[in-house]
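A.B. asks: Read off the chains here:
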Amino acid sequence: MIPAAFDYIRAGSAEEALAALAEHGDEAKLLAGGHSLLPLMKLRLATPAVLVDIGRLDDLSYINDAGDHLAIGALTRHRDVETSELVRSQAGLLAEATSHVGDPQVRHRGTIGGSIAHGDPASDLPSVMLAMRATLVARGPGGEREIAVDDFFTGFLETCLGDDELLTEIRLPKMPDATWGFQKFNRRAQDWAIVGVSAIVANGNSGVGLVNMDSTPVRAAGVEAALAGGASATDAAEAAAEGANPPSDLNAGPEYREHLARVLTRRALEAAGR
Amino acid sequence: MEVTVTINGDSHTHDVEPRTLLVHYIRDVVGLTGTNIGCDTSSCGACTIHVNGESVKSCTMLAAQADGQDLLTIEGLANGDVLHPMQESFRQCHALQCGYCTPGMVMAAVSLLDENPSPTEREVRIGLEGNLCRCTGYHNIVKAVLHCAEASS
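Listed in order, the protein sequences are those of chains E and W. If you're matching positions, the first sequence starts at 1 in the numbering used here and goes up one per residue. If you're matching positions, the second sequence starts at 1001 in the numbering used here and goes up one per residue.
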């Protein structure tokens, strides 16, 4: 399988990438690690006329302690997130979920920003972003803007990022004392989650994000509300599929996914000590 | 576009289409056919090589992305007639049946031990989850990786 022909531009800086996007508009796609985009291009499900390779923008690969939050460069590879002591101590849920992304070879190439900007509801990391209430930073022709994660995912493989914008940084509140659980249900090693759950509890507040339960990554708001009202993990988890519109595919229909969401949410909350 | 890569210590420069996948470049342009194409969907790991010392699936990378990088394929692992310890372990432990997955398995296993020199059996199984053996010969493959780790320690 070979992708359709495209023009290739290697960006030497974020500014060069933005200039290429400004010139080519929706004809262009950004290429980071390529482990979401290239498979789609090989299947000809994506046929961008121009690929703007941002894989060498090393200044967007970092994990910094920024006071009250962690600042993670969008081009930081999964492998570097997974093995970071800073991430493990301040955002253990992210380190754990990242260690379940794809397989080691995928994690050597794939990036946190690429995975999130791809907007795939079956991806693991968006659920962590929802649970930890991340802030996403994008750069465009008009400068930089901060986006709350709840505003980020707008449709199937769609985000609020403009054609001329570049996701540059992921900000996560530092939560060294949080307890958390990550659950991923699939049939075979390295498969996408049929359903997945990220849950985190800190200072009496909770965050629960779901994988593959709707056309976008979604928050289990009913579970969070039940927990805030003092419900047990078992009772709160009953609300996991409330309001969700799970997809149907050869792995599972909506009812089975709803069942999985409830069971996995209970397990994730129990792992988080609820 | 022009691409220059180092493969197994040798520099190669070629003019390629931007859409050329790295595995096609290695096999069809450079002529190193030890790296196999299996599923072609980044699932099976048959095409695993090392890019700058780390395991990567070469069917899911463009040759253009490898420009200027240091690649290692299965052909570059042995030292002349002396097999790499991982190859020797695969031989001793009978860790191959049809052999199709073997180049990718070996490259993934070498990368695994680089990152975790003394893995448990479970860590080996999880560490090789990106490589499929259709003969289902996993038992001896895991044995070979553990054997290599022990022999190297």
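The set of hints was computed from the structure by calculation and includes no laboratory data. Given the structure is predicted, the values throughout are model-derived calculations rather than measurements. Each residue gets a CB set at the ideal place from its N, CA and C atoms; glycine is no exception. Worth double-checking, as some hints may not be accurate.
If you anchor each label on the Cβ, the simulated ranges turn out as follows [said to hold, decoys possible]:
#, chain 1, residue 1, chain 2, residue 2, range
1, W, SER1153, E, ALA5, 27 to 35 angstroms
2, W, THR1136, E, SER13, 30 to 38 angstroms
3, W, GLU1121, E, SER248, 50 to 58 angstroms
4, W, THR1120, E, GLU16, 43 to 51 angstroms
5, W, GLN1092, E, GLU238, 50 to 58 angstroms
Some chain E residues well away from chain W (every beta-carbon gap over 12 angstroms; in silico) [what the hints assert, rightly or not]:
#, residue
6, GLY33
7, VAL50
8, GLY67
9, THR83
10, GLU85
11, PRO104
12, LEU157
13, ALA202
14, SER215
With the Cβ distance kept under 10 angstroms, some of the chain E side facing chain W (calculated, not the full set) [unchecked claim]:
#, residue
15, TYR8
16, SER61
17, ALA189
A.B. asks: Each hint should be assessed against the structure and marked as holding or not.
C.D. replies: To see whether the hints hold, each was checked on the structure:
1. W/SER1153 x E/ALA5: 27 to 35 angstroms: Given range 27 to 35 angstroms: violated, Cβ gap about 49 angstroms.
2. W/THR1136 x E/SER13: 30 to 38 angstroms: violated (48 angstroms)
3. W/GLU1121 x E/SER248: 50 to 58 angstroms: Check failed, 38 angstroms falls outside 50 to 58 angstroms.
4. W/THR1120 x E/GLU16: 43 to 51 angstroms: holds (45 angstroms)
5. W/GLN1092 x E/GLU238: 50 to 58 angstroms: holds (54 angstroms)
6. GLY33: violated (9 angstroms)
7. VAL50: violated (10 angstroms)
8. GLY67: holds (31 angstroms)
9. THR83: Answer for E/THR83: violated, closest chain W Cβ roughly 8 angstroms.
10. GLU85: Nearest chain W Cβ is 15 angstroms from E/GLU85, so the label holds.
11. PRO104: violated (6 angstroms)
12. LEU157: holds (18 angstroms)
13. ALA202: About 28 angstroms separates E/ALA202 from the closest Cβ of chain W, which puts it past 12 angstroms; holds.
14. SER215: holds (23 angstroms)
15. TYR8: holds (4 angstroms)
16. SER61: violated (14 angstroms)
17. ALA189: holds (4 angstroms)
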